[in-house]
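Novice: Sequence:
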Amino acid sequence: MQDHIREWIALAELPSIGSAVLLRLIQQCLPDVSPDSINKTPQSLLYLGNDQLKSLNLSAKTIRHIRAFQAGDWPSPEYLQSIKRWLQQPDNHLLTYVDDDYPALLKEIPDPPLLLYVSGNPEVLHLPQLAMVGSRSASRNGIALSSAFARDLTAAGMTVTSGLARGIDGAAHAAAVALSKPTVAVLGSGLMNIYPRQHQALAADIIAQGGALVSEYPLEMPPLAHNFPRRNRIISGLSAGVLVVEAARRSGSLITARLALEQGREVFALPGALNNPQSHGCHDLIREGATLIETSAQIIEPLASLLGSYCYDEKRPEAESVKLNDNEAKLLDQMGYQLVTLEQLVAVTGMPASALLPQLVAMELAGYIENTPDGYQRLI
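Heads up: the sequence shown begins at 8 in this note's numbering, then just goes up one per residue.
Be a bit skeptical, because a hint or two may be false.
[Unchecked claim] Each pair of labels, with its calculated beta carbon distance range:
{"id": "1", "residue 1": "GLY25", "residue 2": "ASN334", "range": "56 to 66 angstroms"}
{"id": "2", "residue 1": "ASP381", "residue 2": "GLU308", "range": "28 to 38 angstroms"}
{"id": "3", "residue 1": "LYS91", "residue 2": "THR298", "range": "39 to 49 angstroms"}
No lab work stands behind these hints: they were computed from the structure.
Ideal Cβ placement from N, Cα and C applies to all residues, glycine included.
Whenever a hint applies, use it, and build me the whole structure from the sequences.
Specialist: Here you go:
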(Lines of atoms letter the chains of each structure in order from A and count residues from 1; the text may use other names and numbers.)
(Lines give C-alpha, C1' and ligand atoms only; values in the text may rest on other atoms or scores of the structure.)
Protein backbone atom coordinates (compact mmCIF):
# COMPACT_ATOMS: atom_id res chain seq x y z
CA MET A 1 0.00 0.00 0.00
CA GLN A 2 2.74 2.47 0.93
CA ASP A 3 4.35 1.89 -2.50
CA HIS A 4 1.14 2.88 -4.28
CA ILE A 5 -0.18 5.63 -2.00
CA ARG A 6 0.63 8.33 -4.56
CA GLU A 7 -1.31 6.52 -7.30
CA TRP A 8 -4.36 5.94 -5.11
CA ILE A 9 -4.48 9.51 -3.84
CA ALA A 10 -4.22 10.76 -7.42
CA LEU A 11 -6.99 8.45 -8.66
CA ALA A 12 -9.32 9.44 -5.81
CA GLU A 13 -8.71 13.16 -6.32
CA LEU A 14 -8.87 13.33 -10.11
CA PRO A 15 -11.26 16.22 -10.90
CA SER A 16 -14.36 16.05 -13.08
CA ILE A 17 -14.74 12.27 -12.86
CA GLY A 18 -16.66 10.05 -10.44
CA SER A 19 -15.65 6.69 -9.05
CA ALA A 20 -18.21 4.74 -11.13
CA VAL A 21 -16.92 6.25 -14.39
CA LEU A 22 -13.33 5.85 -13.25
CA LEU A 23 -13.74 2.14 -12.52
CA ARG A 24 -15.38 1.63 -15.91
CA LEU A 25 -12.56 3.48 -17.66
CA ILE A 26 -9.98 1.35 -15.89
CA GLN A 27 -11.63 -1.74 -17.34
CA GLN A 28 -11.59 -0.15 -20.82
CA CYS A 29 -7.87 0.50 -20.47
CA LEU A 30 -7.13 -3.17 -19.78
CA PRO A 31 -9.51 -5.11 -22.03
CA ASP A 32 -7.43 -8.29 -22.15
CA VAL A 33 -7.63 -9.18 -18.45
CA SER A 34 -10.46 -10.21 -16.18
CA PRO A 35 -12.34 -7.68 -14.03
CA ASP A 36 -10.74 -9.17 -10.90
CA SER A 37 -7.28 -8.53 -12.30
CA ILE A 38 -8.28 -5.05 -13.42
CA ASN A 39 -9.26 -4.18 -9.88
CA LYS A 40 -5.73 -5.01 -8.75
CA THR A 41 -4.07 -2.54 -11.13
CA PRO A 42 -6.32 0.54 -11.27
CA GLN A 43 -3.34 2.90 -11.26
CA SER A 44 -2.61 1.84 -14.86
CA LEU A 45 -4.94 4.61 -16.02
CA LEU A 46 -2.45 7.17 -14.70
CA TYR A 47 0.30 5.97 -17.05
CA LEU A 48 -1.55 6.10 -20.38
CA GLY A 49 -0.12 8.15 -23.22
CA ASN A 50 -1.70 11.29 -24.64
CA ASP A 51 -3.46 9.55 -27.52
CA GLN A 52 -4.95 6.93 -25.20
CA LEU A 53 -6.15 9.58 -22.76
CA LYS A 54 -7.84 11.56 -25.53
CA SER A 55 -9.58 8.43 -26.79
CA LEU A 56 -11.32 8.06 -23.41
CA ASN A 57 -13.14 11.39 -23.83
CA LEU A 58 -11.79 12.71 -20.54
CA SER A 59 -12.17 16.40 -19.74
CA ALA A 60 -9.20 18.68 -20.39
CA LYS A 61 -8.95 19.29 -16.65
CA THR A 62 -8.72 15.56 -15.89
CA ILE A 63 -6.05 15.06 -18.57
CA ARG A 64 -4.02 17.99 -17.22
CA HIS A 65 -3.97 16.39 -13.78
CA ILE A 66 -2.91 13.00 -15.17
CA ARG A 67 -0.09 14.67 -17.08
CA ALA A 68 0.93 16.54 -13.91
CA PHE A 69 0.98 13.19 -12.11
CA GLN A 70 3.22 11.71 -14.80
CA ALA A 71 5.55 14.71 -14.49
CA GLY A 72 5.77 14.25 -10.71
CA ASP A 73 4.13 17.60 -9.97
CA TRP A 74 0.81 16.32 -8.58
CA PRO A 75 -0.05 15.38 -5.91
CA SER A 76 2.71 17.44 -4.33
CA PRO A 77 5.39 15.69 -2.24
CA GLU A 78 4.42 17.89 0.73
CA TYR A 79 0.79 16.83 0.50
CA LEU A 80 1.69 13.15 0.28
CA GLN A 81 4.06 13.49 3.21
CA SER A 82 1.27 14.98 5.36
CA ILE A 83 -0.90 11.94 4.62
CA LYS A 84 1.93 9.56 5.48
CA ARG A 85 2.47 11.38 8.78
CA TRP A 86 -1.23 10.98 9.55
CA LEU A 87 -1.03 7.26 8.76
CA GLN A 88 1.86 6.85 11.20
CA GLN A 89 -0.39 7.93 14.08
CA PRO A 90 -2.21 5.22 16.07
CA ASP A 91 -5.64 4.16 14.79
CA ASN A 92 -5.33 5.88 11.41
CA HIS A 93 -5.81 3.83 8.24
CA LEU A 94 -6.26 4.22 4.49
CA LEU A 95 -8.34 1.54 2.77
CA THR A 96 -8.31 1.28 -1.01
CA TYR A 97 -10.90 -0.34 -3.24
CA VAL A 98 -8.70 -3.42 -3.74
CA ASP A 99 -7.70 -3.97 -0.10
CA ASP A 100 -9.02 -7.05 1.68
CA ASP A 101 -10.14 -4.76 4.52
CA TYR A 102 -12.35 -2.69 2.21
CA PRO A 103 -16.01 -3.31 3.23
CA ALA A 104 -17.52 -5.90 0.89
CA LEU A 105 -21.03 -4.46 1.16
CA LEU A 106 -19.80 -1.03 0.10
CA LYS A 107 -18.24 -2.52 -3.04
CA GLU A 108 -21.72 -3.54 -4.19
CA ILE A 109 -22.98 0.03 -4.72
CA PRO A 110 -22.75 1.60 -8.20
CA ASP A 111 -20.19 4.24 -7.21
CA PRO A 112 -18.04 2.98 -4.32
CA PRO A 113 -15.34 5.36 -3.08
CA LEU A 114 -11.89 4.42 -4.35
CA LEU A 115 -10.42 4.96 -0.92
CA LEU A 116 -11.56 5.49 2.65
CA TYR A 117 -9.74 7.34 5.39
CA VAL A 118 -10.50 5.61 8.70
CA SER A 119 -9.77 6.71 12.26
CA GLY A 120 -10.42 3.96 14.78
CA ASN A 121 -11.00 0.27 14.21
CA PRO A 122 -11.47 -0.62 10.50
CA GLU A 123 -12.71 -4.11 11.43
CA VAL A 124 -15.97 -2.59 12.67
CA LEU A 125 -16.82 -1.79 9.03
CA HIS A 126 -17.39 -5.53 8.48
CA LEU A 127 -19.93 -5.89 11.31
CA PRO A 128 -23.70 -5.97 10.59
CA GLN A 129 -24.68 -2.31 10.36
CA LEU A 130 -27.96 -0.39 10.50
CA ALA A 131 -27.91 3.24 9.43
CA MET A 132 -29.88 5.70 11.55
CA VAL A 133 -30.51 9.14 10.06
CA GLY A 134 -32.81 12.08 10.59
CA SER A 135 -33.20 15.77 11.17
CA ARG A 136 -30.42 17.99 12.50
CA SER A 137 -33.10 20.12 14.18
CA ALA A 138 -34.89 17.15 15.69
CA SER A 139 -37.64 17.48 18.28
CA ARG A 140 -37.09 16.33 21.83
CA ASN A 141 -39.25 13.32 21.04
CA GLY A 142 -37.10 12.53 17.99
CA ILE A 143 -33.91 12.68 20.06
CA ALA A 144 -35.42 10.38 22.67
CA LEU A 145 -36.57 7.88 20.03
CA SER A 146 -33.18 7.96 18.31
CA SER A 147 -31.46 7.17 21.61
CA ALA A 148 -33.89 4.40 22.48
CA PHE A 149 -33.75 2.66 19.09
CA ALA A 150 -29.96 2.96 18.89
CA ARG A 151 -29.64 1.45 22.35
CA ASP A 152 -31.93 -1.46 21.51
CA LEU A 153 -30.34 -2.15 18.12
CA THR A 154 -26.86 -2.03 19.61
CA ALA A 155 -27.88 -4.40 22.40
CA ALA A 156 -29.22 -6.80 19.75
CA GLY A 157 -25.86 -6.94 17.95
CA MET A 158 -26.28 -4.33 15.22
CA THR A 159 -23.64 -1.62 14.72
CA VAL A 160 -25.28 1.79 14.36
CA THR A 161 -23.93 3.86 11.46
CA SER A 162 -24.73 7.53 10.99
CA GLY A 163 -23.28 10.89 9.95
CA LEU A 164 -22.14 12.55 13.23
CA ALA A 165 -24.51 15.46 12.57
CA ARG A 166 -26.45 17.29 15.25
CA GLY A 167 -29.84 15.90 16.21
CA ILE A 168 -30.76 12.33 15.30
CA ASP A 169 -27.23 11.30 14.21
CA GLY A 170 -25.52 12.49 17.36
CA ALA A 171 -28.13 10.90 19.63
CA ALA A 172 -27.72 7.54 17.88
CA HIS A 173 -23.92 7.59 18.16
CA ALA A 174 -24.06 8.71 21.81
CA ALA A 175 -26.43 5.87 22.74
CA ALA A 176 -24.00 3.27 21.35
CA VAL A 177 -21.04 4.93 23.08
CA ALA A 178 -22.97 4.92 26.37
CA LEU A 179 -23.19 1.12 26.07
CA SER A 180 -19.43 0.95 25.38
CA LYS A 181 -20.20 -0.48 21.93
CA PRO A 182 -18.76 0.48 18.52
CA THR A 183 -20.54 2.84 16.17
CA VAL A 184 -19.54 4.13 12.71
CA ALA A 185 -19.61 7.83 11.79
CA VAL A 186 -19.31 8.76 8.10
CA LEU A 187 -18.22 12.37 7.70
CA GLY A 188 -18.86 14.94 5.01
CA SER A 189 -15.50 16.53 5.77
CA GLY A 190 -11.92 15.34 6.19
CA LEU A 191 -10.97 13.44 9.34
CA MET A 192 -8.67 16.26 10.43
CA ASN A 193 -11.63 18.66 10.24
CA ILE A 194 -14.31 17.09 12.45
CA TYR A 195 -17.74 18.61 11.85
CA PRO A 196 -19.72 19.78 13.69
CA ARG A 197 -17.15 21.08 16.15
CA GLN A 198 -19.38 20.38 19.15
CA HIS A 199 -19.12 16.66 18.31
CA GLN A 200 -15.32 16.48 18.53
CA ALA A 201 -15.57 14.88 21.98
CA LEU A 202 -18.18 12.43 20.69
CA ALA A 203 -15.87 11.57 17.78
CA ALA A 204 -13.06 10.82 20.23
CA ASP A 205 -15.42 8.65 22.30
CA ILE A 206 -16.43 6.70 19.19
CA ILE A 207 -12.79 5.80 18.55
CA ALA A 208 -12.18 4.99 22.23
CA GLN A 209 -15.10 2.52 22.25
CA GLY A 210 -13.79 0.58 19.25
CA GLY A 211 -15.81 2.37 16.59
CA ALA A 212 -14.64 4.23 13.52
CA LEU A 213 -14.75 7.61 11.80
CA VAL A 214 -14.84 7.28 8.01
CA SER A 215 -14.45 9.73 5.14
CA GLU A 216 -13.63 9.58 1.44
CA TYR A 217 -12.56 13.23 1.49
CA PRO A 218 -9.00 14.56 1.84
CA LEU A 219 -7.95 14.87 5.47
CA GLU A 220 -8.31 18.64 5.75
CA MET A 221 -11.39 19.00 3.52
CA PRO A 222 -13.86 21.49 5.07
CA PRO A 223 -17.55 20.54 5.45
CA LEU A 224 -18.72 21.85 2.09
CA ALA A 225 -22.47 21.65 1.46
CA HIS A 226 -22.16 19.47 -1.65
CA ASN A 227 -20.10 16.88 0.27
CA PHE A 228 -23.01 15.68 2.38
CA PRO A 229 -25.42 14.28 -0.24
CA ARG A 230 -22.51 12.33 -1.75
CA ARG A 231 -21.42 11.17 1.72
CA ASN A 232 -24.87 9.66 2.26
CA ARG A 233 -24.29 6.87 -0.28
CA ILE A 234 -21.52 5.54 1.99
CA ILE A 235 -23.79 5.57 5.05
CA SER A 236 -26.39 3.47 3.24
CA GLY A 237 -23.78 1.44 1.34
CA LEU A 238 -22.14 0.20 4.54
CA SER A 239 -25.48 -0.82 6.03
CA ALA A 240 -28.01 -3.60 5.62
CA GLY A 241 -30.80 -1.10 6.12
CA VAL A 242 -31.62 2.51 6.92
CA LEU A 243 -33.92 3.77 9.68
CA VAL A 244 -35.22 7.33 9.22
CA VAL A 245 -36.21 8.54 12.68
CA GLU A 246 -37.48 12.04 11.96
CA ALA A 247 -37.22 14.02 8.73
CA ALA A 248 -38.89 16.95 7.02
CA ARG A 249 -39.80 16.72 3.34
CA ARG A 250 -36.57 18.42 2.24
CA SER A 251 -34.30 16.62 4.69
CA GLY A 252 -31.01 15.18 3.47
CA SER A 253 -32.00 12.00 5.29
CA LEU A 254 -34.44 11.26 2.49
CA ILE A 255 -31.48 11.20 0.09
CA THR A 256 -29.92 8.47 2.22
CA ALA A 257 -33.18 6.51 2.25
CA ARG A 258 -33.64 6.71 -1.51
CA LEU A 259 -30.02 5.77 -2.12
CA ALA A 260 -30.60 2.76 0.13
CA LEU A 261 -33.55 1.69 -2.03
CA GLU A 262 -31.41 2.02 -5.17
CA GLN A 263 -28.72 -0.08 -3.48
CA GLY A 264 -31.21 -2.82 -2.58
CA ARG A 265 -31.16 -2.11 1.15
CA GLU A 266 -34.07 -2.22 3.58
CA VAL A 267 -35.65 1.14 4.44
CA PHE A 268 -37.53 1.72 7.69
CA ALA A 269 -39.28 4.87 8.91
CA LEU A 270 -40.85 6.00 12.18
CA PRO A 271 -44.25 7.69 11.90
CA GLY A 272 -44.89 10.84 13.89
CA ALA A 273 -47.51 13.41 14.78
CA LEU A 274 -49.47 14.77 11.82
CA ASN A 275 -48.80 18.36 12.93
CA ASN A 276 -45.04 17.82 13.21
CA PRO A 277 -43.30 18.95 9.98
CA GLN A 278 -40.28 16.85 11.00
CA SER A 279 -42.39 13.72 10.48
CA HIS A 280 -43.71 14.52 7.00
CA GLY A 281 -40.65 13.11 5.24
CA CYS A 282 -41.04 9.81 7.11
CA HIS A 283 -44.71 9.66 6.13
CA ASP A 284 -43.77 10.20 2.48
CA LEU A 285 -41.25 7.34 2.67
CA ILE A 286 -43.87 5.03 4.18
CA ARG A 287 -46.29 5.89 1.35
CA GLU A 288 -43.48 5.08 -1.11
CA GLY A 289 -42.94 1.64 0.39
CA ALA A 290 -40.67 2.04 3.42
CA THR A 291 -41.53 -0.25 6.34
CA LEU A 292 -43.44 1.51 9.11
CA ILE A 293 -41.64 0.84 12.40
CA GLU A 294 -43.01 1.03 15.93
CA THR A 295 -40.51 -1.14 17.84
CA SER A 296 -36.87 -2.08 17.42
CA ALA A 297 -37.87 -5.75 17.10
CA GLN A 298 -39.57 -4.90 13.80
CA ILE A 299 -36.14 -3.92 12.44
CA ILE A 300 -34.10 -6.66 14.07
CA GLU A 301 -36.30 -9.58 13.00
CA PRO A 302 -35.95 -9.10 9.20
CA LEU A 303 -32.21 -8.51 9.61
CA ALA A 304 -31.63 -11.29 12.16
CA SER A 305 -29.77 -13.50 9.66
CA LEU A 306 -27.00 -10.88 9.55
CA LEU A 307 -26.38 -11.06 13.28
CA GLY A 308 -24.70 -14.46 13.12
CA SER A 309 -23.18 -15.31 16.47
CA TYR A 310 -25.03 -12.48 18.16
CA CYS A 311 -28.08 -14.78 18.23
CA TYR A 312 -30.97 -12.36 18.30
CA ASP A 313 -33.23 -12.97 21.28
CA GLU A 314 -36.86 -11.90 21.00
CA LYS A 315 -36.78 -10.83 24.65
CA ARG A 316 -34.64 -7.84 23.70
CA PRO A 317 -34.55 -4.89 24.16
CA GLU A 318 -33.30 -5.14 27.73
CA ALA A 319 -35.56 -2.39 29.06
CA GLU A 320 -38.61 -4.48 28.16
CA SER A 321 -37.38 -7.37 30.32
CA VAL A 322 -38.18 -5.20 33.39
CA LYS A 323 -41.93 -5.68 33.66
CA LEU A 324 -44.17 -2.87 34.84
CA ASN A 325 -46.95 -3.51 37.32
CA ASP A 326 -50.54 -2.88 36.24
CA ASN A 327 -50.64 0.70 37.53
CA GLU A 328 -47.34 1.59 35.85
CA ALA A 329 -48.40 -0.01 32.56
CA LYS A 330 -51.66 1.96 32.62
CA LEU A 331 -49.76 5.18 33.34
CA LEU A 332 -47.39 4.47 30.45
CA ASP A 333 -50.36 4.11 28.09
CA GLN A 334 -51.84 7.37 29.35
CA MET A 335 -48.60 9.25 28.74
CA GLY A 336 -48.56 8.77 24.98
CA TYR A 337 -45.42 9.71 23.06
CA GLN A 338 -45.51 13.48 23.40
CA LEU A 339 -43.62 15.30 26.13
CA VAL A 340 -45.88 15.56 29.19
CA THR A 341 -45.50 17.43 32.49
CA LEU A 342 -46.33 16.14 35.95
CA GLU A 343 -49.23 18.61 36.13
CA GLN A 344 -50.65 17.22 32.88
CA LEU A 345 -50.36 13.66 34.18
CA VAL A 346 -52.22 14.65 37.34
CA ALA A 347 -55.02 16.07 35.18
CA VAL A 348 -55.14 13.05 32.85
CA THR A 349 -55.00 10.34 35.51
CA GLY A 350 -56.86 12.06 38.34
CA MET A 351 -54.10 10.89 40.69
CA PRO A 352 -52.17 13.15 43.06
CA ALA A 353 -48.53 13.92 42.31
CA SER A 354 -47.46 12.06 45.46
CA ALA A 355 -48.91 8.84 44.02
CA LEU A 356 -47.54 9.38 40.51
CA LEU A 357 -43.93 10.20 41.40
CA PRO A 358 -42.92 6.73 42.72
CA GLN A 359 -44.36 5.12 39.58
CA LEU A 360 -42.54 7.59 37.32
CA VAL A 361 -39.24 6.92 39.10
CA ALA A 362 -39.68 3.15 38.67
CA MET A 363 -40.51 3.58 34.98
CA GLU A 364 -37.47 5.79 34.46
CA LEU A 365 -35.13 3.31 36.16
CA ALA A 366 -36.54 0.54 33.96
CA GLY A 367 -35.77 2.57 30.83
CA TYR A 368 -39.36 3.17 29.74
CA ILE A 369 -39.36 6.96 30.16
CA GLU A 370 -36.92 9.84 30.50
CA ASN A 371 -37.27 12.72 32.97
CA THR A 372 -36.24 15.89 31.15
CA PRO A 373 -36.24 19.53 32.35
CA ASP A 374 -39.45 20.08 30.36
CA GLY A 375 -41.33 16.97 31.41
CA TYR A 376 -41.49 13.20 30.95
CA GLN A 377 -40.78 11.54 27.60
CA ARG A 378 -41.86 8.00 26.79
CA LEU A 379 -39.05 5.98 25.16
CA ILE A 380 -40.67 2.59 24.53
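Novice: Now tell me, hint by hint, if it's right for this structure.
Specialist: Against the structure, the hints:
{"no.": "1", "hint": "GLY25 x ASN334: 56 to 66 angstroms", "verdict": "holds, 60 angstroms"}
{"no.": "2", "hint": "ASP381 x GLU308: 28 to 38 angstroms", "verdict": "holds, 34 angstroms"}
{"no.": "3", "hint": "LYS91 x THR298: 39 to 49 angstroms", "verdict": "holds, 45 angstroms"}
Checked against the numbered hints given earlier, the structure satisfies every one of them.
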